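Listed below, chain by chain, are the residues.
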Amino acid sequence: MTTIATAWETVVGLEVHTELRTLTKLFCGCRNEFGSEPNTNVCATCMGLPGSLPVLNRYAVELAIRIGSALRCSVVPSIFHRKNYFYPDMPKDYQISQYDQPINVDGSLELPDGTHVGIVRAHIEEDTGKTTHAGATGRIHGADHSLVDYNRAGVPLVEIVSAPDIRSAEQAKTYVSELRAILVATGASDGKMEEGSLRIDANVSVRRAGSSELGTRCEIKNMNSLRSLVRAIDYEAARQIALVESGERVVQETRHWDEGEGRTHSMRSKEEAYDYRYFPEPDLVPLEPTDEWISEVVASLPALPAARRAALAGVAGVRPADVAVAVQKELDGLLLATIEAGADPRVALTHAEHNVDIAQPLDPVTFARVVTMQVEGALTATQAKVVLAEVQATGAAPDDIAKAHGFESMDDDALASVVDEVIAANPDAWAKFVAGDAKVTGFFVGQVMRATQNKADGSAVTALLRLRAAE
Amino acid sequence: MTGASEIAGEVRSGSRRARDVVEEHLARIAGRESELHAFLTVMGDEARAAADAVDRVVASGGDPGPLAGVPVALKDNMCTRGVPTTCASRILEGWRPPYDATVVTRLRAAGAIVIGKTNLDEFAMGSSTENSAFGPTRNPHDRTRVPGGSSGGSAAAVAAGLVPVGLGSDTGGSIRQPAALCGVVGVKPTYGAVSRYGLIAFASSLDQIGPLASSVGDAAALLEAIGGHDPLDSTSIDAPAPQVTGGLNDGVEGLRVGIVRELMHEIDADVVARVEIAARALEKEGASVDEVSVPAAVHGLSAYYLIAPAEASSNLARYDGVRYGLRVDGEDITEMYNETRAEGFGPEVKRRIMLGTYALSAGYYDAYYGQAQRVRTLIIRDFDAAYADHDLLLAPTAPTTAFALGAKTDNPLTMYLSDVCTIPSNLAGHPAISVPYGTGDDGLPVGVQLLAPALGEPVMFRAAAALERSLT
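Order-wise, the sequence lines are chains X and E. So in my numbering the end of the first sequence lands on 471, straight run, no missing numbers. So in my numbering the end of the second sequence lands on 472, straight run, no missing numbers.
To be clear, the hints were calculated from the coordinates, so they are not data collected in a lab. All values derive from a computational prediction rather than experimental measurement. Some hints could be false.
Label-pair ranges, simulated between beta-carbon atoms [said to hold, decoys possible]: (1) E:Gly-14 x X:Tyr-85: 57 to 67 Å; (2) E:Glu-343 x X:Lys-130: 24 to 34 Å; (3) X:Lys-130 x E:Gly-161: 50 to 60 Å; (4) E:Ser-302 x X:Thr-40: 41 to 51 Å.
Glycine included, each C-beta is placed from N, C-alpha and C at the ideal position.
Start from the sequences and build out the full structure, keeping to the hints where you can.
Take a look at the structure:
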């Protein structure tokens, strides 16, 4: 069966909604704030009271332009539409959203491995309120009663729609991580999935490897973390492959991801899809940012993750993908300075990824000294990690910390005698090692480390053990 | 009966107390209300308190505003803080807005006294005020006749002298048509000249608030008080209110006026006659008058009855029983929606919601809503061509004088035809004014309509004032 499974290709397009970090809502002056008491950040406009009118938030438009520019979109004249449907958490029973003339079109996002994912559009719209249904199902039908909090109604969103250029669940996760980093870097979003600042829908289809036609897609909703995104796409692709292989057809529909059950459920088919009766919003005028404004916004953009990866990779002499974690942890500035101070780039990079506490300050010259001590053999990798932690915690000099711990490299004869003592003390284990049981290697290394108070170099110990076994 | 300008003059000079003005008008309302039913709410206590405040400003030597002490009736689709605002619909019965419409704020700032909320066709949908959920208003000239609509309450209140001035809203003729049928002045300003903030929407791209008054001068004063840019309305024009009072006596010498050929068809002969007499009067004052064609105007009614219901179907979605107004409980949310809207809306509102929903539906949008918007573009183009060599256009306001109550309620299409002459201005976003100009064969008032290009109010008011003078 595995040979058949590998003959399929998964095709994914993502729709990512991000709440914008504005002070106020999209069309009124109410605070845009997560976690307030229910229905305290509301007014006539965001409650949709009769006679109220929307006024567009200029800063929300600026953030949308930042997002579009960061995603290499064209920023174009746009208009707002009304998307009509009845739901109690939508005060006007229509959502003001951009439809066929969005503000940002035709961009792309570069993943750390150099893959480009097309961006079809990134448009502005308003968020809905939040409904809590009391009752058995947790859904609106069959609920005893429902409670609605309108604090979120009218909060500005940008929806970023990718092309169907994503080819696996893992790549989808990488795309969202990269997009989140861009949104945070531009100041447009706080990127918090757990607070709903970032919400993802996935369009998933499958096709035979080598085919250039797209299969029938399903839209998957309700994925609340990167983990559930990966699980849901994997599940859905497998479901579709199984359907097609058993001679059935995939039906175009919207499906709901159930995190607990680990599967998707049908919500509504294409035939049941709402007719949203879109038409141009007559209460707003066309949005036509001037070239000057767009240029100002573009000029104010900070360096974006892809450019930062390229810069660090160039200096470190590695591939951009190799510095993805360091850039994600916002350590590229520190690393550039540390390399500038003379540190070995690869060793510095390894420590930055695993051993540097991003919450603590670290002076690049000090960091470079720790790296150099390790490269010169004065510290083992393990000791360097300990020294680094103490440098960050206490601010003491690396050499003083190393001396205080008695960290100095053991000479080979001293290490050999310790290894021999440990072998002699554990004849049964040694017999297994000699017989080729690799599992006891860790035991012997640990014993030697204990006997030397961690001064030994783990790889040197292993080499010595192999040497003795061969004798 | 004294006009707004006289009242304001007397109150400002201290020769008459605003409180006395208000008491006098409240008494008039009390005397005629049971026979006319022009009002849905009379704001006696609020009006007295506001009048006392004006009097205190006058007493302390301050400026009480250009409309000091002038009682104003508001069509009951404009929000008044803490005072019921119903749109003459059961669905909003009991709802009290937490805020004032911008026009209300501006009236109060000008010293005017909001004295009550007037009757209308439910959600401003109608031409006779018979579609009110709270019963029809009657024409003060003949109580067996309608006052027109949808601003029939305000028009009747002004015509009966219950108030010197009122505000209406005009989506397809809802100020001008009742003004004509009641024999008062009614103005539909340029779209965006008056803020819509706090006006409960019928069709957002067409709705515009404007004055009803017993004289052109009072209408002009009211427009200056309520007009001008409002940051709360994104479609508001970024300019001060049209300045229309200063030129009222400037005459029409040299103005080029065109009678719109397409709007003279299927109009009662006695109404056509009054338009022609008005044309002669303007010529006598020095204007040149000829006939002009606005070909696309004949499609105005059809386009209007797609665009206005389409927008209404969306604007009225919010009356769902969830947050305010009427709620009729059901087994689940869908049943609650259905029961609430079935009971809360009257038949004409339901008809238009269904029309509009259909016109916007997938597969029909382009043939209906899209096509209607193209007609709108053509109408603007044809008006532009007419205004290339004309300053103003002249037409009837309504095809007939006031008709009998019940005469057109059985056939909506005949009712819709009442607005055939007024709708093109709404579609174009242009201003127009209806001036009472004598009576028809039945002795009831006839209105003639002056149309102007966008922001053409100053010239339009000059000509309207000239027409008014020509009658005396």
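Evaluated hints:
no. : hint                              : verdict
1   : E:Gly-14 x X:Tyr-85: 57 to 67 Å   : holds (58 Å)
2   : E:Glu-343 x X:Lys-130: 24 to 34 Å : holds (29 Å)
3   : X:Lys-130 x E:Gly-161: 50 to 60 Å : holds (53 Å)
4   : E:Ser-302 x X:Thr-40: 41 to 51 Å  : holds (48 Å)
Checked against the numbered hints above, the structure breaks none of them.
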